[in-house]
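The listed protein sequences derive, respectively, from chains A and B.
Okay, so the first sequence: first residue is 631 according to the working numbering, each after it adds one.
Okay, so the second sequence: first residue is 440 according to the working numbering, each after it adds one.
These are computed hints drawn from the structure, not numbers from a lab.
Quick reminder that beta carbons are idealized off the backbone N, C-alpha and C, glycines included.
Among the hints, erroneous ones may be present.
Unchecked claim - Ranges of calculated distance between the beta carbons of each label pair, as one might list FRET restraints:
{"hint": "1", "chain 1": "A", "residue 1": "G878", "chain 2": "B", "residue 2": "E665", "range": "40 to 46 Å"}
{"hint": "2", "chain 1": "B", "residue 1": "E631", "chain 2": "A", "residue 2": "K833", "range": "29 to 35 Å"}
{"hint": "3", "chain 1": "B", "residue 1": "N729", "chain 2": "A", "residue 2": "D1031", "range": "51 to 57 Å"}
{"hint": "4", "chain 1": "B", "residue 1": "G592", "chain 2": "A", "residue 2": "R1023", "range": "47 to 53 Å"}
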Amino acid sequence: MLSFAAQSPQLQLVQPAGFDFKHRNSPTTQKYLLETMGGGVALLDYNNDGLLDIFLVNGGKLDDPVKGPVDFHRRESVFWNRLYRQNRDGTFTDVTASAGLSDAGNNYGMGVAVGDYDNDGFPDLYVTNYGHNTLYHNNGDGTFTEVTAQAGVAAGGWSASAGFFDYDNDGRLDLFVTRYLDWDIHRNILCGTPFHSYCRPDKFAGVTNALFHNEGDGRFRDVSVTAGIGGVKGKSLGVAFNDYDGDGFADIFVANDGMEQFLFRNKGDGTFQECALDAGVALSEDGKPFAGMGVAFADYDNDGRPDILVTNLALEKYAVYRNEGGGRFQYASLTTGLAGLTAGSSGWGVGLYDFRNNGRKDVFAAQGHVLDNVEKIHSGLRYLEPPAMFQNREGKFTKGDLGNPPAVAGRGAAFGDLNNDGYVDVVMSVLGGHPIVFANRGAANHWLTLKLIGVHSNRDGAGAKVKVGNQWAYATTSGSYLSASDSRLHFGLGPESEAAVEIVWPSGRKQLLEHAAADRILTVREPE
Amino acid sequence: MMAALLSLWLAFQITTDVKQHVEAGLAAKRAGDLDTAIREFRRVTELAPELAAAHVNLGAAYYQKKDYGAAVAPLRKALEINPDLPGAHEMLGTALLAQGYAADAIPQLEKARSDALLGVALLEAGRVREALDKLEAALEKQPRDPDLLYYVGQAHARLSRDAFDVLVASHPDSARAKQLLGETAAAAGNREAAEKHLQAALDARPDLRGAHFALGELYLGSGDYERAEREFRAEAGLSPGSAAAAYKLGLAAANRGEVDIALTELRRANVLQPGMPETLLELAKATAANGDLVTAERLLRQVLEQEQDSSLAGSAHFQLAQIYRKLGRAPDADKEMTRFQEIRRHPR
């Protein structure tokens, strides 16, 4: 399916046959804030055939204005979420209906999380909404069953990003759900003069995020309050997990809009402490809050400590926090050059991935302003923007070549190797438009992709820390914005044709593969 | 003024009937019942039409009621009968001015010798330079008066606009006219037009001072640090003695991650105009980024000598907290962070 000219950009726009999704956000003159925030995208291998499939979250119908009991018309097929199965030839087939995913309930869709919460070897789907969220259990036969009520994870209000992770290392994936604002479509307010525009988040109160503990019998228990998550109210949009202090327990970074960011340090006893300010990741370099949207929580400088990258609005500069050890981060947007590259852009979905397989993680960001009339308000800014790729050159970022992608209202972004060629591809969701697939043209560098199978740990191996050469990666599908990425871990090896692989599983077990041959997808099972 | 008017009553030969209405009018006025006062004074003017005090009191009642339109005629009549009536000129001038008859108000206010009101009338009549003299004289006596400050500002703006109008009309293709149009468009948020005019100005006169700076500000404001740096560098080349150009060049370079350039330019700005808190703050940040935490701390302390509760002070405390944490001085870091939070909660 994918062939490239020699001089083509590293990530190149392609249009796979059969992949025909269109996001419907239903913009209105009321400027319901909801309209401009969706929607998510996930890359998952739902049928375990070795090929990544694509799930997309749709918005819903909004009357202009909404009157009486709201009906998002999700029964109509144009408003369905969609699952596209990848075929052997790189084309896609819409399997939404046959997979049992056509019923989204009367909700307005936002994001998606992927994880095998029941350890049956098949990834499950959790869809966040304005309204109630939905958990779809993967039956393993190509179909899903909606199990939200039994599982007790409906949440409510306006949820945004969510993610599965095992915060207590008990071998079962728990669930974290961000919630955005205390906002009600029936109490909409009009903002902006002389042009109506979407309201700033400071017009609304914040809300608490939710943490659900996996009880192991298909049910989850809301532990938000007892775990210390519910003690702080945020305006949360993005979430990512990593073990920033190296204590073996997954910590949580939450991107908040227009206020300080959250870093929930996992105390290892089932509780968390919000410590973003002390850790130096709450605010900008000047101590100012910003509009945190998407987040990547990964080690960009190969020092073994996970760093944090948060996308935000134009003129704020994407925030990079370099992990300096000792539980402290240093604002590094200026010194990495990323400030200069992003100050005029508004970012959402984001990932730190080694697109060139040279051993250094680059940045990809979905972009576009939140205000569809921002040009009228600030003529130097743009609503529609092309996505951006920034190449990592020894810890400094420079603009990468994406060819000439269209300017769109980019939102979600999911990362994964669609064609299993060892190079990371990207699927980006577009507000009110068709998603964009960037296929990686590859290069001569070697690579290694690891598919983890947890035994004592959760079956996905989520939370495993893997070292290959001087690179570290953390097993997770979470991060970015409203999106879920390939669960496999990817490493670029440059000229090396083999690598030593060290794995620290969430169970604490350590595993060493001394001479793993390059250029293959290696399935690694946790030792008994 | 009231005592003077009363003496006028007394000086005049009045009948009992007139006297009764006068007293009733004055009592009503004292009680704040202006409608009754007006009714009584009007009756007095009918009974004693040549009594100037009757007209001036009727006018004063209307004036007090802020019915300036109705106040004008009796005040005019009073001054016709007695041109030296105390207080009447000021009331008439003010009533005329309040209705927009600035030119008519001027002779009255000249006689009243009110610099402030006369200044406003002159300004509204388009005699801006004379207005500015009067307004600035008044401002010397009341330096914090918000109305006066507003009108002084207006007068300066008008003068500047007049000069610019002449510039654009007489030399429409000149570099300065283009520069002016560019700056005006930039102030109005019209980035595209601003860029076009400023570039045209520089095309016409490459050594034009200020145009590169304005372009730099435009790019800085939209996050385009690369172009901002280029423009500020050009401005600094034309004006090597400009601390503002050096500061902005340093700021743009810092935002591009060019710490060495930022340090050089910010140090230069601090030499050209020593001790500016904005420069010191940015210099401290660049110095800290370069690893010299001790110097950065000293610079931030200098900022805090000048700024206590401003956002600049907040930022300095925030930077200090980061520096102390790096230096392992946790109690000092906590103290700075507490102060930062206090300022954040109660911004000045």
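Structure-based check of all given hints:
As the Cβ distance of G878 (chain A) to E665 (chain B) is approximately 43 Å, the hint placing it in 40 to 46 Å holds. Taking the beta carbon of each, E631 (chain B) and K833 (chain A) are about 30 Å apart, inside 29 to 35 Å as hinted. The hinted range of 51 to 57 Å is not satisfied by N729 (chain B) and D1031 (chain A), whose Cβ atoms lie roughly 31 Å apart. Checking the proposed 47 to 53 Å range against G592 (chain B) and R1023 (chain A) shows it holds: the Cβ atoms sit about 51 Å from each other.
In the structure shown, a violation is registered for the earlier hint numbered 3 alone.
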